[in-house]
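Take the sequences, apply the hints, and build the full model.
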Amino acid sequence: MLNRNGLIFLTIMVFLAVSFWDLSYGRRLGRGGRSFSRSGVASRGGFSGRRVQRPRRQYRAPANRQARFTPRSQSRPVAQRPQNYQRPQNVQSQNRIQRGSNRMATGSQNRISPEKRQQIAQNKGNLEDRQEWRDKNREDIQNERRERQEKRQEFAKDRQEDRQDFIEDIHDDHHDWDDHWDGDGGEFVAGVIVGGVVVGAVAAANANDQYDQPQVVYNNTTTYVTTLPCHPKEVKVNGVTYFNCGSDWYQRTYAGSEITFIPVSPPPGY
Amino acid sequence: MYKKYTFFLALFFLCFFVNPIAYASNNGSAKESLIKMAQKIANLKSFSVSLRMGYDVLQDNGEKIEFNEIRELKIKRPSFIRVSATRSDGEQVGLFYDGKVMTQFNLNEKVYAQLEKKMDLDSFIHYAVSTLKIRVPLARMLVSTFPSDLKRLCKKADFVERDVVVADVPTNHYAGRTEDVDFQVWIADDNLPRRLIITYKKEDGQPQFWADFKKWDINPKFSKREFVFKPQRDMEKIPILIPVEDKGKRMEEKDHVK
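Note that the protein sequences, when read in sequence, are chains C and Z.
If you count by numbering that gives the first Met the number 0, then the first sequence holds residues 0 to 269, one letter each, in order.
If you count by numbering that gives the first Met the number 0, then the second sequence holds residues 0 to 257, one letter each, in order.
Please keep in mind that the hints were generated in silico from the structure rather than gathered at the bench.
There could be a bad hint or two in this list.
Said to hold, decoys possible - Derived pair list, reagent style PhoX-like, types lysine-lysine, alpha-carbon separation capped at 25 Å:
#, chain 1, residue 1, chain 2, residue 2
1, Z, K117, Z, K213
2, Z, K109, Z, K229
3, C, K232, Z, K229
4, Z, K35, Z, K213
5, Z, K109, C, K235
6, C, K235, Z, K229
Unchecked claim - Far from chain Z, some chain C residues (derived; all Cβ distances over 12 Å):
#, residue
7, N2
8, N4
9, F8
10, S38
11, E114
12, Q117
13, W132
14, K156
15, D178
16, H179
17, P267
No residue lacks a Cβ here, since even glycine has one placed at the ideal position from N, Cα and C.
Shown next as structure tokens:
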């Protein structure tokens, strides 16, 4: 049926048709020739490369600081009594007795019985213990005050260091931003829609002023696609072009410098 | 015999003392020349220039492909810019800012997008590049901080040679290095650049960006109207996506649409 020349001609025509379709389809989808990527760090012509994201320092108080610095109400230790100290029963009455006994002793020491002497000696021992406890208590309080002051100084020093670190970080970040603002990539994942007409929005139209065209601000975040999943059917409704892929509808939007597509509700009447 | 030693001593002195001094002097003067060029651009009240530029893009398969474009750039300080570009695939795109309204457009797709934001040119360029992620090649050359930026970023600079080939006028060829990039610039006697090559040495494949600067006009008469975008009758206005950070927070809160 087909001779050799006819077969060659047919092959060339099919090749040309496929090429033309691919080119026009690629154009329509807003991408470059065939499927080469046009975006890269060099495309931005910056005097810096991409910024390397470094982990930000955390300014949490270290665990040992929590241990070192506790609120005053919790930190104040109760003065520890000597472990071997047994508070004597009825100390005051015994002291009173002792004082009375002393008075008695000054007047008539010879009349004190040996039992009484033993009791007085015991009470004297108790008094010495009490004095020792007071001294110990005072020492404990002084130690605690000293310790608390040291902790406060340490905390203040740590806080000053942290503040200094923070200032240095801000300074570094500022310079980092200064150094890389023109080199960071233009790609981003999601964005907030601003301007233009988005289906479902009701806005006043004023054809007299070019900037007063129907528009709406959506505060919700949306993601976009750079290419559509099919060869879409184009529909123009109220001056807005919609792209239909099966049950999905898309609208064009600018993401950076590229025209991309965001999913939208079906246009009125569809 | 002593004469022989004197000769070697002199050679030793030259190698270890004079050469570094000469090198430092050359480095200093080269950097000064670069900063002079930057100051000249930063101090221009208005100018226009035609840029023929190209850049490499490393593809996923490791192949490096170059794309080209021609950009007509008009700037009127403090707050006007007009960029019209023709990409190598035929797309005609642009970015206008008239001090109040930013417009991006694509004549082939017959679409444009607008955003109102009042600011000066420096702030606008920072906003467009950093926040909106709009591609503005050589953005740093367009802001008034270019001299100080160059002074800070450029760690090393050398004068390469007097070049009589690369442009239509003789130029001085300089090579500079920053932390991230190596760059070469050919500066004519009027302190304006004629050619620039930036090599992204830390990126995979070390892609390059290059630009030829032509038709410098440093005393143009621009009217404000030139920076206001007039959409063609069949053009459609589409929205702009403002990138968001994590948790859906907008990167910039104060912008609003007109």
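For each hint, the structure was consulted:
no.	hint	result
1	Z:K117 / Z:K213	violated (31 Å)
2	Z:K109 / Z:K229	holds (12 Å)
3	C:K232 / Z:K229	violated (29 Å)
4	Z:K35 / Z:K213	holds (19 Å)
5	Z:K109 / C:K235	holds (13 Å)
6	C:K235 / Z:K229	holds (22 Å)
7	N2	holds (39 Å)
8	N4	holds (35 Å)
9	F8	holds (29 Å)
10	S38	violated (7 Å)
11	E114	holds (84 Å)
12	Q117	holds (81 Å)
13	W132	holds (60 Å)
14	K156	holds (33 Å)
15	D178	violated (6 Å)
16	H179	violated (8 Å)
17	P267	holds (17 Å)
The structure fails to meet hints 1, 3, 10, 15 and 16 from the earlier list, while all remaining hints are met.
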